[in-house]
Amino acid sequence: MDTKLLNGTVEMLILEVVSQGPSYGYEITQTVISRSDGRFELKEGSLYPALHRLERQMLLSSYWTEHDGRRRKYYKLTTTGRKALAARRKEWREFASGVNGVLGLELGVVSR
Amino acid sequence: MQDSSDISAELPAPRDDEPEGLRSDILDELADHLSCAYQRELHGEGGTDSRSAAARVLARFGDPGRVARRLWWDAMRGRIMSQRIMTAALVVIAVAGVGMFFATWQTLGNVRTYLEDSQELNAALVEKLESLSSAAPAATNYDWCNLRLNLVEDTADGPPAAGLTTTLQKLSGGGQTDRGKSYPYTTQKSDEDGLVDYSPVPYGSYYVTVQTDEGHLLKKEIVIRPGKDMELTIVCPHEVPTGEAELAVSFDGVTLPETIDGEVWTLCRVYQQDFLAWANTVGQAYQWPYGGTMIDEERWLLWKYVTVLINPDGRMFAADWPLQKNEMPTGSSDDGSDNSEGNTGISGVWHEWLLSKTYSVGEELVPIDALDLPIGQYSIDAELVVLQPTPEEGQQMTWRTLTEEERTVFGLEEASIGFFLAPPMPEEEMEIEPGSTVQWTVKLNTNSTDGTITVVERPKPQNVSEFAPGSVVGGGGLGGGGFGGGGAGLGFF
Chain Y
1 MDTKLLNGTV
11 EMLILEVVSQ
21 GPSYGYEITQ
31 TVISRSDGRF
41 ELKEGSLYPA
51 LHRLERQMLL
61 SSYWTEHDGR
71 RRKYYKLTTT
81 GRKALAARRK
91 EWREFASGVN
101 GVLGLELGVV
111 SR
Chain A
113 MQDSSDISAE
123 LPAPRDDEPE
133 GLRSDILDEL
143 ADHLSCAYQR
153 ELHGEGGTDS
163 RSAAARVLAR
173 FGDPGRVARR
183 LWWDAMRGRI
193 MSQRIMTAAL
203 VVIAVAGVGM
213 FFATWQTLGN
223 VRTYLEDSQE
233 LNAALVEKLE
243 SLSSAAPAAT
253 NYDWCNLRLN
263 LVEDTADGPP
273 AAGLTTTLQK
283 LSGGGQTDRG
293 KSYPYTTQKS
303 DEDGLVDYSP
313 VPYGSYYVTV
323 QTDEGHLLKK
333 EIVIRPGKDM
343 ELTIVCPHEV
353 PTGEAELAVS
363 FDGVTLPETI
373 DGEVWTLCRV
383 YQQDFLAWAN
393 TVGQAYQWPY
403 GGTMIDEERW
413 LLWKYVTVLI
423 NPDGRMFAAD
433 WPLQKNEMPT
443 GSSDDGSDNS
453 EGNTGISGVW
463 HEWLLSKTYS
473 VGEELVPIDA
483 LDLPIGQYSI
493 DAELVVLQPT
503 PEEGQQMTWR
513 TLTEEERTVF
523 GLEEASIGFF
533 LAPPMPEEEM
543 EIEPGSTVQW
553 TVKLNTNSTD
563 GTITVVERPK
573 PQNVSEFAPG
583 SVVGGGGLGG
593 GGFGGGGAGL
603 GFF
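Chains as they are written, first to last, in the working numbering: chain Y, 1 to 112; chain A, 113 to 605.
So that you can see chain A by itself, here it is in the shape it has in the complex:
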């Protein structure tokens, strides 16, 4: 009878993933079957010899090895097939990986070749550009200009004024009408040579201010034209000039553009600087530098002002402003008390006025010979405006400031002229004699046919400080020369 060890030889070679006992279970089961069949043949009805019995069992059973192999295969088929599928997948992945490697290698080769070609091309382009740049003149950037300040002491040929704080503030439209807006500004100190370099800056209108060691504030509005650099020499006096000064407004050699269909008048504003206000009391409608000077992040120096118009014949007229003469927004205070925007009266009409282009002079245009002002420190600025139509006395009229284009036609590099007294230091308090309301008179020369404005000093009261209105300003760079200078002359302060 066939032994189980003989059947075992028929099975496939053992595998690592073969369940433990599978092989022996198959062999034992088949061996038991063969043994039972053999015993039955041997001892059953019509018993026979062992050889015949074994032969008959095997004849009926068939090949035990084949049966054993089938059982083993059925048990292992799932594992073997899974392994074959996994192997096939790995082969596919490996083949794909090798393929991608070669594809990447080929691509890198192409990229390397492309980069080499690009480098050669770039080198050729750089060489070409260098040859072009050396052959052609340097291109001008019309949007950005160089602005350099040269600060000197006392006179134009004086020593450098070092360590002074300068401020440059951009005015978008360049005119007075835009000063009510808040524009960005930057600050630099002059170096040991008195130089300040703000370059590059966009062309347009700017305020340039200089704070001297003595606390004087020098201020100038400049217009930088596209593509044109500006170098400005600013004389910084140690002492405030005193005495009579002359403001000149001359139209000699100026041809008015046809676009101006009215008359060009001179607008003068006389500011009184006599009290401080806190920024949070004036709100956004009242922005430096128009009508005030920012002292620090919180405090502003506000100015009272009156406005006069001077016609081409030199006659002076009182202009009817929303805030005229000594009327100031109520609620402003110098004690830092909280005043809301509502009770200051600053926003609303004034704010709208600041942003408008056309101003109403009022129902009546009243000629005046002089302005009566209370004691205090003052500054004066002047600007060309256009009245439409030519007013008669008592007639309603409007006027507007010159546009940027008109200024360009005029050849004006200065949008306005400014003469400023030195503002008091924030800690200083002006001694204003109670009741002494008429201590200083600004007279505008009505006899001059060339528009000359003369500021005349009145006798100073005894109790007025050194920087009182008697310390009248003068127009160093403007006298008689018109507006075309744009250089060394800056207002005295």
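Just chain Y, with the same shape it has in the complex:
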């Protein structure tokens, strides 16, 4: 898949994954691959800058844990991040509906 299509949705995908519970970078990439049936793969070069940007925007918070002798950084969704995720979902539905309408596709969008 053309990664350009994914660029605008990286932050939304991260917020969506973390909204399921605290997660760390590698796990987030694996979750996205799993839930997209291997169609999407977040590049680390995009993942971590996006994670840190969302953290500076107070949409995510973080904490550290010890795992197998290594420090691991977990991210979790803040209240502000939850509101931002809801807004981006709405935007995405409108965007996808418009694109599908133009393309003449009937694609059911899962509403959470």
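These are computed hints drawn from the structure, not numbers from a lab. Treat the numbers as computed from the prediction; the structure is a model and nothing was measured. Certain hints may be false.
Calculated from the model, a selection of chain A residues having no Cβ within reach of chain Y, i.e. all distances over 10 Å [what the hints assert, rightly or not]:
#1 145
#2 168
#3 183
#4 199
#5 205
#6 231
#7 309
#8 316
Within a straight-line C-alpha distance of at most 25 Å, the following computed SDA-like cross-link-like pairs (lysine to any residue) qualify [as the list claims (entries may be wrong)]:
#9 Y/43 to A/168
#10 Y/43 to A/270
#11 Y/73 to A/187
#12 Y/43 to Y/103
We treat Cβ as the ideally placed atom computed from N, Cα and C, and that holds for glycine.
Starting from the known structure of chain Y, fit chain A onto it as the hints suggest.
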């Protein structure tokens, strides 16, 4: 697999403003990610050797150093940019400061050059002015004149009268009509040479008074002309002159100005000084020196007076004043009791009269031969006035005092003549015999065609003090000489 220390080498050099733990957090996070990916490659489906696993992880991850640098930069961008902006601002300020310094330096140089030029110019101007001032006569200041008094004892060539108190009071208009106003005055004592220097004073009319050691009050009105200095010798007698005196009013050699469309008469006022009044009982309308002498800050010596007019032929007429003969404001007292201005009758008509220029003589102009006055101390002054029109007996008329301009045309340096008895000291009380109302007569010589006024002494009663009216005054500097003297002669007191 790439170690975190290898990634650390890719990061920029540590900075002082770098948050503590930023560098290690980035490295640990990326290391954890690489480790997880490596383990998955190594132990996942279709496991491979460690070298291949590491290669595949790095191939998918990309350059860990580049990612680490980007994360570090994103975290530090705000601080770095702020620092760069601050540095740029400081550079701009420094450049501006250096520029201003050089601009100021250049301006100071210009100012220094300008000042040097100005100094040279000023020196040239001063030199030019000095040459001009040495070549031209000294300019005369017409507004300010020198006034020096020379006080001598008893006679004009007597010894200096030292330590006497003199008073100089400015009279704006110089005439009697302005005496009701309050004018500033200054006081000086004569030095050991009997000299008093009031210089400089504005030109105009003044009262000069001298208080002698014996309590005699010498008084003179002078007119200082613009640009002309005056040196006045005042004879201060130790004893009050006694005997008959002659007051001369002469018009010889005087050409009346055409502006005077009436006749010039002589106005005489005969004052009786016999009681004290407190300043707060007379109000602002009654001001020294007109009609009274200020004794100190609170007390005034008030004068009763009668007024007569003398025509050019020397005939005397009683003038009908608002306050005539012995009528005095009621309510004045010598005990310091509080008398309001309202019941003294001083303000109102009298005040208006004091300030007016034209006086009404009254319905009738009655000729008289003599004045009958009660016992007391008196002073007499005389002034030229203009009657318009020439009155007939019993006719209504008005008169006015000479204007300053008319006096100048006349060549008069004295606006009026004054002959004063020494006023009693404030503590002294005059012994006035009850009922002895006619003890002294002032006769004006009606036979004289040159306007001579003669004051004749009557026999003194036994109980009259030494300074009683019998101590008649004389006109030392005025006798027969007219008004043009303006010098040594001052009234005896």
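Going down the list of hints, with the structure as the test:
| no. | hint | in the structure |
| --- | --- | --- |
| 1 | 145 | violated, 5 Å |
| 2 | 168 | holds, 13 Å |
| 3 | 183 | violated, 6 Å |
| 4 | 199 | holds, 24 Å |
| 5 | 205 | holds, 31 Å |
| 6 | 231 | holds, 68 Å |
| 7 | 309 | holds, 93 Å |
| 8 | 316 | holds, 91 Å |
| 9 | Y/43 to A/168 | holds, 13 Å |
| 10 | Y/43 to A/270 | violated, 130 Å |
| 11 | Y/73 to A/187 | holds, 16 Å |
| 12 | Y/43 to Y/103 | violated, 28 Å |
Comparing the model with each earlier hint shows violations of hints 1, 3, 10 and 12; every other hint is respected.
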